[in-house]
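S.K.: One-letter residues, chain by chain:
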Amino acid sequence: MQSGAKVVLECLAREKVESIFGYPGGVTLPLYDAMYDSPIRHVLVRHEQNACFAAEGYARATGKTGVCCATSGPGATNLITGLVDAMMDSIPLVAITGQVSTKLIGSDAFQEADTFGITRSCTKHNFLVKTLADLPRTIHEAFHIAATGRPGPVLVDIPKDVLQAQGHYSAMPSIHLPGYKVFTEGHAGQIRRAAQMIWEARRPLVYAGGGIIAADASKELRQLVELIDAPAVCTLMGLGGLPGSHPNFVSMPGMHGSYAANMAMSEADLLIALGVRFDDRVTGKLAAFAPHAKVIHIDIDPAEIGKNRAADLPIVGDLKRVLKKSNQALAEADHLKSRNESARAAWRGQIVRWKREHPLEPEIASDEIKPQHLVSEINRISGGEAIVASDVGQHQMWAAQFIRFDHPRLWINSGGLGSMGFGLPAAIGAQMARPDALVFALVGDGGFQMSIPELATVANHRLPVKIVVMNNGHLGMVRQWQELFYNNRLSQVTLEGFPDPAKLAGAYGFTGRTVDHPRELRRALEDCVNEPGPYLLNVRVSPFENVYPMVPAGAALHEMVLAPAQQLEVR
Amino acid sequence: MMLQMISLLVENKPGALMRVTGVLTARGYNIESLTVARTIDPEVSCMSIVVGIEPHQRGQLIKQMNKLINVLKASDVTEARAVRRELALVRVLVSRENRGAILKEAEIFGARPVDSSLEGFALEATGDPEKLDEFIAVMAAYGEIEVTRSGLVAVSLEVKKLKLAPPVSKVEGVAQNG
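Protein chains in written order, with the working numbering: chain A, 2 to 572; chain B, 4 to 181.
Next comes chain B alone, as it looks inside the complex (with noise of 0.2 Å):
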């Protein structure tokens, strides 16, 4: 098994993400992270996908999810030339002691107190997952942490022509009268 992550762009529709996911649950891959939002484009959305999976099955998977009707392009990018982010919200109660010291390992993270409370503070970090495995484990070190992380998200350099779907002109057959 291996890790695989997938971009896709799908048409902002119930049941979309259903169908993304089923690719995945109809093989009994486990889905690592995931993360939807909208793009510009209100009528299409942005998924990004992390899933442990045999490394000769990664073709088959993206070819399956670009044939789903509402998906628009679905691309690996496992191996892309792409900027690949996470965020990390982490709780972590301390000491007064150790206070600043929290705040500069913070700092060479690129970390940022979002919260500062008697019994210690929430930090935002960003950064690729590795990266704030360690920033974890280093906060860990100073007491007791809760984290909540985004999933991963990603956008690909290796695209020239940046492009999104125009937004979908409504066409209707029905001149509705109640």
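Isolated chain A, as found in the complex (with noise of 0.2 Å):
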């Protein structure tokens, strides 16, 4: 005989799940009082919406699923902000929470939450378990349709008398859902319409997002670039999906992409849409974007397809199969390769003029540091190579531009949702998952301050997470924005009071320090990251910069605006 809480366990252990983040509580007593004599990892961050976020980074640096726990109502509630970001960043996740009994439910009983109704919008899926005899099978199916498909986050909600119920996991059961669909392998006739119509183009543009990363393919979209020698864009969520080292990358696109991708978006007339969404971030004014372009585009989740831009070719499928056999139908069809070829030639060396007229440099000063300086200095030590787990602003921007990334699943951010307070605990899941990997979690003043409490988390299990805080006294994203388009009228963006970093990383048992000038910095940053364990590295940047290029909100992408000096409108 078992309880529920064993079999919880017993599923667990059957994903192979290997981490737990979470928060114990109440109605959890069960599932906590079985985790003691569990194999499974528990790891006990300090506050609910930090399991999730640390899930979520442990999911994003494997590509596996993350699990966090958290009790029945406040528990329950605190994860939100994390599903939400999980949900926009189609992250495989499973979020199990205690509920009050079966009995209990709807007497408005202590810590009870409707767990099930406010989390149906923030999910793929959710379950209320009722019965032991549901449990099992419904665990599994949690992992498997936050893994498959389009990923997700799910959450199976468990009350307590379910937990507690003597029964046995027997077989395993087998899943059973009738109205879960997915497509993988692409329709044979478009993927060979689709080889025609990238031979054809004269100024192709390949446009790959954080579904690369989410099929795992990389490989396949290296394969692609080559293959045809077009230029390649990565968005927010895409940046490692192709190396950034590669000769064909261009760089991310958008509100704060580089001059070359934006107008490379602007000129293409084939967009090689892969695992997008076209994303308002990525467009600018909808209507403006991409005007002669044509669009494959390829992505698992039918109603992706048409959702803000029409396709002219779609495709529905895991990109990893379809690109294959893409890629092999365009090598069968390389006849048409030499029609074009000159027009792509000349549109290649345009790619390369653009990057050349308005590179993305990095302004370094002699008297403070810039914090664009920074991120070239992390990109330096990083080498492509180092996981950097982001927050959320103004250094997420300047990462995302400085900082390359040859292989994905080494840049960590919250993309979609764009959640504060995520860098830190997103990085103690990379770091947990990955123990060995050099990580950074890059992260403004403002969002630190918001995920202070897992230093504590940081230094129980002496994570080597290197902590650069890109502190410029501000929030500093709004406070662009107020300076540009509210007449720098700076309304509650002044974040005073930063604590002394050594005092606060001394509080928790390691070093901190602070460096604020820019003849220290390099050496500042080696030693953050030679010394063993965990280190919290201050950097005092300038207040008052500005990330550019920016695309105003509401114009197209090729109105970018890419030095102060230039005026910007209000849309």
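Hints listed in this document are in silico derivations from the structure and should not be mistaken for laboratory results.
For every residue, glycine included, the Cβ atom is placed at its ideal position computed from N, Cα and C.
Warning: the hint list may mix true and false statements.
As the list claims (entries may be wrong) - Distance ranges between label pairs, derived from CB positions:
| hint | chain 1 | residue 1 | chain 2 | residue 2 | range |
| --- | --- | --- | --- | --- | --- |
| 1 | B | Ile43 | A | Gly118 | 25 to 31 Å |
| 2 | A | Lys220 | B | Glu133 | 54 to 60 Å |
| 3 | A | His293 | B | Arg30 | 27 to 33 Å |
Unchecked claim - Taking lysine-lysine and the BS3-like style, the derived pairs with C-alpha atoms no more than 30 Å apart in a straight line are:
| hint | chain 1 | residue 1 | chain 2 | residue 2 |
| --- | --- | --- | --- | --- |
| 4 | B | Lys66 | A | Lys321 |
| 5 | A | Lys308 | B | Lys16 |
| 6 | A | Lys295 | A | Lys326 |
| 7 | A | Lys295 | B | Lys66 |
| 8 | A | Lys182 | B | Lys66 |
| 9 | A | Lys308 | B | Lys66 |
| 10 | A | Lys65 | A | Lys308 |
| 11 | B | Lys16 | A | Lys104 |
Said to hold, decoys possible - With the C-beta cut set under 8 Å, the calculated list includes, among others, these residues of chain A facing chain B:
| hint | residue |
| --- | --- |
| 12 | Arg121 |
| 13 | Pro179 |
| 14 | Gly307 |
Take the two lone chains and join them into the complex the hints point to.
M.R.: Structure below.
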């Protein structure tokens, strides 16, 4: 005989779960009691939101499903931001929440909340398990749903009496989800037509997004790019999908994308859109986006096709499989290659000229540390190999512009939801997943102060996370918009009273310091990286720097502003 | 805005209705009518929804509904070849001298009395919504009325093979001993 709690752990073991990020409470007592004897590692965070973010960090760094756990009521509601974050970025996650006993549900019992109702729109799917008999199948279904198709978060709400009930886990139950359809193969005829369209294009551009990472299709993407020798942009979610050092890689497009990437989008005659969702931060004014381009859109989620931009040729399928087939189709049709080769050579030349005209170059000053200087130093140390878990804001954009990622799953950031406080807990999850990797938590002074409690988690596990605070004393991105669009009336964006980093880190038992002179920056970063264990490096950067290029909200990509002197208009 | 009619087969499970309507509420759409009932398979329910929507969003809405795990099939039947019907129960208060006329009108509309009292009648009418609108307008001309409408249901005539998912067999991983 086994308790429901033990059945849960049995299911997790069968799903090959190694780590759970969580926080115990009243109704999860049976589960935590069972965990006492379990080989599965539980990482005790300091806030449930961070359990969810850490599980995301784990999932983003590995591709495996992240698992987090919280108690009923406030524990479950604290997960919400992380669930929506995982939903927006298509991150596989299983959240297990405790619920009050079935006979108390609906009675406004202590720490009762309608978790099933509240999380309906925050998850790919959710379950309320009412009997022990349903428990194993439900948990296995949750893992199946989270990791297949377009990945996403799934929540399983388990009442206390179900955790306490006695039964046993017998055979692995079969999954029965008649309404769950995943299209993986891609339509063969469409794939052939795509190959033809690609060879016929004169100015083709590969536009690769997070779907490349989720589908583990980096190799196939690289083959495609090399086969057709076309320029490629990777979105914020797709960075590392194509190595940043690849000669065909242009950079990130969009609101803070490079001149070359945005001009390429605006001038291309064919967009090969791979695992992207034509997000507003990428397209700018949608009606003026890529006005000359036909669109081949490949995605596993049929609802993404035509959602924002109509596709001339849609293919629904798993990117890895579809790209394999389309690369083969391209190779078979390469007698078409020579037809437009001269136009395509000119197009490649044009991209190089755009890159040269307005390169992304870090500003470096002699009297203060420019934020771009900081990220380019991190880039130097990383050499394209380090994991960088970023928070949200200006530093995130500069990191995306200047830090090179030569592999997928190194760049970890909250792309769709833009959740401040994400960086540090995500770095914890990533470091747990890859204990030997160099992991930076690159955070702003705003987001860092949302996640300070997790310094305890870092310290408890002696995680060698390198916490680098890009400290400009402001909520930089909001300040930038107030400066540019609200007559520089800086309202509630000054962050005074940042704690002394030496004392703060010292209080948790590790090293912290501040660096504020550009001459000391390199050495300080090297010390930070070379010290075994965690490190908090507070980098004082110039307080009023803005992120450029910038496409003002509502403008077309080619209307981007390259430097502060240019006037911006509010749209 | 135009009216879109959506027909869905959904798993008969708690929360399934909420998921489907959630697709609409998340986009700020207002539901004009909604009916849900079991099909011949007790584990499958049929839903018919009429919703006011921007025409270009119609396809997206169906795709989002088809993405839901509990939805077996969502289809846009706005323009499909289908029989559409709605039921209305109308109570009308009439004077003695109009009773005969009311019954004649009801007959013209294919409605039938389901209750009769000294004050008037309760009538049951089915038809497409426009016809019911007319019927209700005519009844209102005779006296005070009270109306309950069922919302639109439809059956598509386009599907050649009639199919519903077979009843779900229960597969349990736990032998429960109390």
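S.K.: Indicate, hint by hint, whether the structure satisfies it.
M.R.: Comparing the hints with the structure gives:
Look at isoleucine 43 of chain B against glycine 118 of chain A: about 30 Å separates their beta carbons, and that is inside 25 to 31 Å. Restraint check, lysine 220 of chain A to glutamate 133 of chain B: a C-beta distance of roughly 59 Å satisfies the suggested window 54 to 60 Å. Histidine 293 of chain A and arginine 30 of chain B have their C-beta atoms about 31 Å apart, which keeps the hinted 27 to 33 Å range intact. Of the supplied pair hints, the one linking lysine 66 of chain B and lysine 321 of chain A holds, its CA atoms being roughly 23 Å apart against a limit of 30 Å.
Proximity of lysine 308 of chain A to lysine 16 of chain B is assessed by CA-CA distance (about 29 Å); at most 30 Å being required, the pair is judged to hold. For the given pair, lysine 295 of chain A sits about 21 Å from lysine 326 of chain A by alpha-carbon distance, which is consistent with the 30 Å threshold. Between lysine 295 of chain A and lysine 66 of chain B the CA atoms are separated by roughly 23 Å; this keeps the pair inside 30 Å, and the hint holds. With a C-alpha separation of about 12 Å, the suggested pair lysine 182 of chain A and lysine 66 of chain B falls inside the 30 Å cut-off, and the hint holds.
Annotation: proposed proximity of lysine 308 of chain A to lysine 66 of chain B holds, straight-line Cα distance about 10 Å (limit 30 Å). With a CA separation close to 28 Å, the supplied pair lysine 65 of chain A and lysine 308 of chain A stays within the 30 Å bound. For the suggested pair lysine 16 of chain B and lysine 104 of chain A, the alpha carbons sit about 19 Å apart, so the restraint of at most 30 Å is met. Among the interface hints, the one on arginine 121 of chain A holds; its C-beta lies about 6 Å from the nearest C-beta in chain B, closer than the 8 Å criterion.
For the restraint placing proline 179 of chain A at the interface with chain B, the shortest Cβ-Cβ distance is roughly 5 Å, inside the 8 Å limit, so the hint holds. For the restraint placing glycine 307 of chain A at the interface with chain B, the shortest Cβ-Cβ distance is roughly 7 Å, inside the 8 Å limit, so the hint holds.
When the structure is compared with the earlier hints, no violation turns up for any of them.
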